[in-house]
Amino acid sequence: MNRLRRFFHTPEAIAGASILALLIVMALVAPLLFSGDPQAIAGPALLPPFQDWSLPLGTDRLGRDVLAELFHGARTSLAVGLAAAAAALFIGALVGTLAGFAGGLIDEMLMRVTDAFQTVPSFLLALAFVSIVGPSLGAVVAAIALGAWTGPARVARAEVLSIRERDYVAGARVIGMHPLEIAFREVLPNALPPVLALSSVIVAAAILTEAALSFLGLGDPNRVTWGGMIAEGRAVLRSAPFLSVVPGIALVLTVLGVYLAGEGVVESTAVRRSLS
Amino acid sequence: MTRALRLFRRRLVGSIFVLLIVVIGSFLLLEAAPGDAVDAYIVSTGGDVGMIELLRHRWGLDQSELTRLANYLWALLHLDLGQSVTFSRPIRDVILERLPTTLILMGSATALSFGLGSALGIYAGARPGSFRDRFLSIGSLALYAVPGFWLGLVLIVIFAVDLRWLPIGGIETIASGKTGLARVADIATHLVLPVSALGFIYLALYLRMMRAGMAEAWRQDFVLAARARGLSRRRIVLAHVARNALLPLVTMLGLQSAQMLGGSVVIESVFAVPGLGRLAQKAVAARDTPLLLGIILVSAVLVVVINLLVDLAYAILDPRVGAGEASA
Amino acid sequence: MSELTISRRGLLAGSALLLASTALPTIGLAQTPKKGGRLVLAADSEPRNLNPAIVASNGVFFISSKIVETLAEASFDGKDGLQPRLALSWDGAADGLSVTFKLRDGVKWHDRKPFTSADVAFSALQIWKPLQNLGRTVFKDLEAVDTPDELTAIFKFAKPTPFQLIRNALPALSSVVPKHLYEVGKIEDNPANNAPVGTGPFKFAEYKAGQYYRLTRNDAYWGKDEPYLDEIVYQVLPDRTSAAAALEAEEIQLAAFSAVPLADLDRISKVPGLKVITKGYEGLTYQLVVEINHRRKELADLKVRQAIAHAIDKDFVVKTIFLGYAATATGPVPKNDPQFYTADVETYPFDVAKANALLDEAGYKRTDDGKRFSLKLLPAPYFNETKQFGDYLRQALAAIGIEAEIVNNDAAAHIKAIYTDHAFDLAVGPPVFRGDPAISTTILVQSGIPDGVPFSNQGGYKNAELDALIAKASETLDTSARTDLYKEFQKKVAADLPLINVAEWSFISVARDTVGNIANNPRWAVSNWADTYLAG
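Taken in order, these protein sequences are the chains called A, E and G. Mind the numbering: the first sequence is residues 229 to 504 in my numbering, read in order. Mind the numbering: the second sequence is residues 10 to 337 in my numbering, read in order. Mind the numbering: the third sequence is residues 6 to 541 in my numbering, read in order.
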């Protein structure tokens, strides 16, 4: 309970957590509240918000319900953000642990590959990757993860380097555990917390990257995403600004919420770690 | 200085491997793409089988992948980036034409986000936990959360269309014949909006890092000592706290350079800036493999050089950093 | 709003003379043409080759047609819809084996060398026939070009070739380039491909990649007192929303080819000083077509294709996706074509119940989850409207129990997926009608075309009767007999649905009030602009 209290000690963290909670609720109730296809044509095209109470936020260029799209968009945006972050953290932790634990040539090679990925602008990489594989949700997630795993890899490696010389690791060596087993059972779990601390930044960046890809026409056409909604709405930015403003605000709030909540978690764990 | 040189040499050797990985990786990625340069080309023309075969042959696309990769690397060894099928010109010329634009855009945006970000960070971090601290830190974060393209579109509507203070896009007034200072001023006016859109996004990064570093520094012994010596608060903030918090920001500068280059793809497209980012987008769409490889290579070299400079600056600025540590 | 409604109805009727709301007042003003000035307009793409004799496409013509001229240009009121350019007259022999062109006297190339029949012969034999994307089909039987004197060119064909086809092909396929510049070296590597030299009213001045193209006045142009403008500058604006902003900020004076998104037209038509013009593209009709892969067993069944045709609400498509700036289609020839169009074909009114009944009849009953079968749908990425129609079609198919998964590709991947790999079930394509079905329309349904040919029948459709009809029409010399065959062709296509024609549309221009003589021929955006001027 202490940790929770510590987490909620700043208004920023509370705000962040509330936004996230709201978002998760939106994502969960979306299929209940708006059953059926959110991309179905629900009314006349380009209906402004607050005109027709069955379509409270109005309709888009084809007459699709903006509110339904917003709710379903929360699902995809969150899913993309979480999946991309999970993939990036997984690859990063794997590569970082291997490099740090193995050392020598393997370390050198893995780190040069990491350098290579860090040298290429990640958005450029994502752009090329999605253009080539074709825009689907999976491709977008993979493309984002491809550019985001290097940070976690470096952090994991640095942690592993400091942990691998500790007593319990030496103990595991003495009892004859396989090096890979030591790396992933003894070292990795202890190296993980600082790596996980990066997750909020990665989630936030992933949501923004997805939006930018959608803006360039590289989003999954079978799913509603906020980025896709903004991209659709920008052609009518002047005549129907709500079409890009509404998902834009949702996007900004979400990224802000993820960031603030993440910071709250990091700070509360940092306090705990420094205390212990 | 010798240590700096040693570091430089070590990094240089590592960089060559990195660049090789980048080139081969990008080549393989592009080879996996459905459709080639000819497919992209005939979108706007149509044509029969004979014409298509003719084009494939002319552009060397009927050779095997391995042959083309070998040819490319061999040419690269002679510092030849090859010929662009999209522009029918040497790729070196095409890229060199765009490079200055991107450098100016990135440089100005970096200067803006670094300068303003660290200044505001100092201002906020001077009184940790105060209202202005919270306001600046949340405000900058909100800016960070705004998609760059959206910020760009809104800036255009307000400052270029409604107020007409600034041009809507491009890098300079077209075919204006301006030279010297007039041209510099013209380019500067054109850069205000794209630089703001790009720079403001990354502002939060430096601001928050500065602020966090300062919060840390306040607790350090030498600050406590300075306080005990009765130095003025302003002096402590600037001479001790901020100075110490600045070092990690310099590292960040290097790390961010690649991201900035990626972010400029979208901004260049929104503001019609003829830079490398837009060129890359065009190269992907046209399946102009050698052109995209050239762009990736040049931007990778750019990033490597920036990071080398940052490392060197770091090694000189902070004597505690050993060569091994900085290269990790 | 009422004016707009009228104009929409006008367009639906296929009317050629059509102007949207704010353009109406300017017609009455009748400004006098003025000399001088620089016209700045938006360009959204940068063609890699500017030689219109090699690449006959609208993207190239948009810029090059001001520099390099054709033998004849399309016209609203000229005989056979043509007006003279480099040729003064054209005459086809009764046996279909030759066409005689009388050329304009006193025409000079931009480098001051005289233009002669040798240039025409060279362009036709060395470029149009072997190298040009469209010419390779139309001029395939061209054997020789005789030049008895400097102003006469006689085209000789190995097989009878309909004069009507040659005539209809003139505006797009007959760009003449200078022999003296092209006869040395490989034609494809000629520097003039990137800095064209022609006889047109404007000379190529410079190109800054990613920024602009600049053309300057040709003082030695053959047209009396023409051109009016001193300069034309194409400003490259890659983002789809920039053209509207640039027009409003008065940085450009013209945005052609629908550079201003349709959805923004209503608003921009109310901006003082700007006019929306829907005229000037009658000769460049694009067709919204559902391409069908007949290798899919369900789609090989005519009843299923009919069901899909009945499931599409064409009026909704025209009204919502094209915002009225289009017309519903009945078949493979657009309604606004003056020569070939017939309305006497099988039609498929919007009727979901009937569509469902047809699918039941065909034996594809709904399963428990309400679905009959699933399809892969590939909308072409070239236009906003083709993508939006893809979104709509997915919904329309869902209503009749067909689940469609949209696959979005970029242009290169789309071309490969459809025309080489045949990796699609349904696709949305925008073929262009180029004034004669034989140029680029019959190829959409004809069988026996090798894999990899873009914008052709790659859906595995084979209909011997239709093939025979197409073959017969291609060698029928008599104009009215040939026209009748193409009417029969439309009937057959509409009945058997090798593909489904949904709508046909052209482009919209938005210009400052000061730009004069806009849209005065059916291919205005890609014509020479010798008489375009800037007032005040």
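Be a bit skeptical, because a hint or two may be false.
[Claimed, not checked] Cut-off 27 angstroms, straight-line C-alpha distance, at most; resulting in silico cross-link-like pairs (DSSO-like, lysine-lysine):
hint	chain 1	residue 1	chain 2	residue 2
1	E	K187	G	K164
2	E	K187	G	K40
3	G	K84	G	K229
4	G	K39	G	K145
5	G	K392	G	K324
6	G	K145	G	K191
In case anyone wonders, no lab produced these hints; they're calculated from the structure.
Structure-based check of each hint:
no.: 1; hint: K187(E) / K164(G); verdict: violated, 59 angstroms
no.: 2; hint: K187(E) / K40(G); verdict: holds, 25 angstroms
no.: 3; hint: K84(G) / K229(G); verdict: holds, 22 angstroms
no.: 4; hint: K39(G) / K145(G); verdict: violated, 44 angstroms
no.: 5; hint: K392(G) / K324(G); verdict: holds, 16 angstroms
no.: 6; hint: K145(G) / K191(G); verdict: holds, 21 angstroms
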